Amino acid sequence: MYLILRNIGRGTAWVWASRAASRIRISGVAWILLVLCQVSYAADAAAHGGRIDRHGGHNNRSQGNYHFHEGPLAGRTFDSKAEALEALAGLAEGGHAAHQTAPTAPGKIHPVLGVSVAPEVRHSVYDRSDYDYPASIEYQIVIRQGGIYSPYSMRCFSDVGATDIEHIVANSEAHDSGMGLRTRAERQQFASDLNNLTLAAPRLNRYEKRDKDPANWLPVNNRCWYVGKYLEIKRKYGLSMDQAEADAVLTVYRSCSTFKIIQPPCTGSE
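All letters in the sequence shown, in the order written, are residues 470 to 739 by my numbering.
In case anyone wonders, no lab produced these hints; they're calculated from the structure.
If you're wondering where the values come from, they're calculated on a predicted model, not measured in any experiment.
Check the hints yourself; a few may be wrong.
[Stated by the list, open to error] Simulated pairs of lysine-lysine, DSS-like, Cα-Cα distance not exceeding 27 angstroms: (1) K681 x K550; (2) K729 x K681; (3) K577 x K705; (4) K681 x K577; (5) K729 x K705; (6) K577 x K550; (7) K705 x K550.
Required output: the full structure, derived from the provided sequences and hints.
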C-alpha cells in the first residue's frame, strides 16, 4: 500500500495518512472523510496536470498555461511560465499585480503589495461568534499541509487534539482591516477559508501570535510562506494594512526566493 499510494497525486499526504492511522484516534467516519478529501485533492492536481513548483504554481498541460496556487499571485493564470515568472519578478521589484475578490478597504494602494494602506479602524463591535468555523475543518488542514504539524515551529504532533486551528490573518486583525464592514456570512466565509488556516501549538496561538500582524510577530520557520499567505488573504478579501504592517510584509517579501511551505522531517517529506 505504501509503494502504490506514494506515486498517486500528492503522495506525501497519502504516506502520512497510512503511517498515522495506527496512532491517531480518529473515528471511522472522520477517517473516511480524510480519504475522500485526499482523493478529491489528488484528482484536482491530476486534472491540472502538474505539481506545484517552488514558485507556487505549475504548468496546466490541458490548457497550455501556467497557474499560481500559492504566494502573492495565487489564483492568477498566465499564458506561459515565462510570463508568470516575469510578473512575479516585477511584483518583487515594485510592480503592481492586483488580484482581489472583494472591494478594497479605503486608503492609498501600495504600489508593490497591491493592498490599501490605512490605519486600522473598528467600524463595528468585534463578536467572535461572527467568525465561527466548523471544528472538523482541522482534518482538512491536516490533509492540505501534509501532516499534523505547525509550519511556524516545525513541530509535529501525534494528535490534532494537541493543536489549535490558527488563522494566518487573525479574525480580529481582519475585522479592523475591513471585515468589520462585511456581513456575518462573509465573516464566516473568511474564518473558514482553508487558505488562511494552519495548525499551531496552543501556547503559540493563544499567547505568542494571537491577533498580531507581521509588524509585531513573524514565525521562526516558514517566514516566506507565512508572509506570502498573509498577503494573499489580505488581497483576496480586500483588507487594508497599516503602514508598519505593510513595511514588515514588504521587507520579508523582497527577501524571498520561494513562498512554498517547508515541511518538517516527521511528515516523511524528506
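Going down the list of hints, with the structure as the test:
1. K681 x K550: 35 angstroms, violated
2. K729 x K681: 22 angstroms, holds
3. K577 x K705: 17 angstroms, holds
4. K681 x K577: Between K681 and K577 the Cα gap is close to 22 angstroms, so the pair holds against 27 angstroms.
5. K729 x K705: 18 angstroms, holds
6. K577 x K550: With Cα atoms ~31 angstroms apart, K577 and K550 exceed 27 angstroms; violated.
7. K705 x K550: Holds - the C-alpha atoms of K550 and K705 are around 22 angstroms apart, at most 27 angstroms.
Of the numbered hints given earlier, the model fails hints 1 and 6; all others are met.
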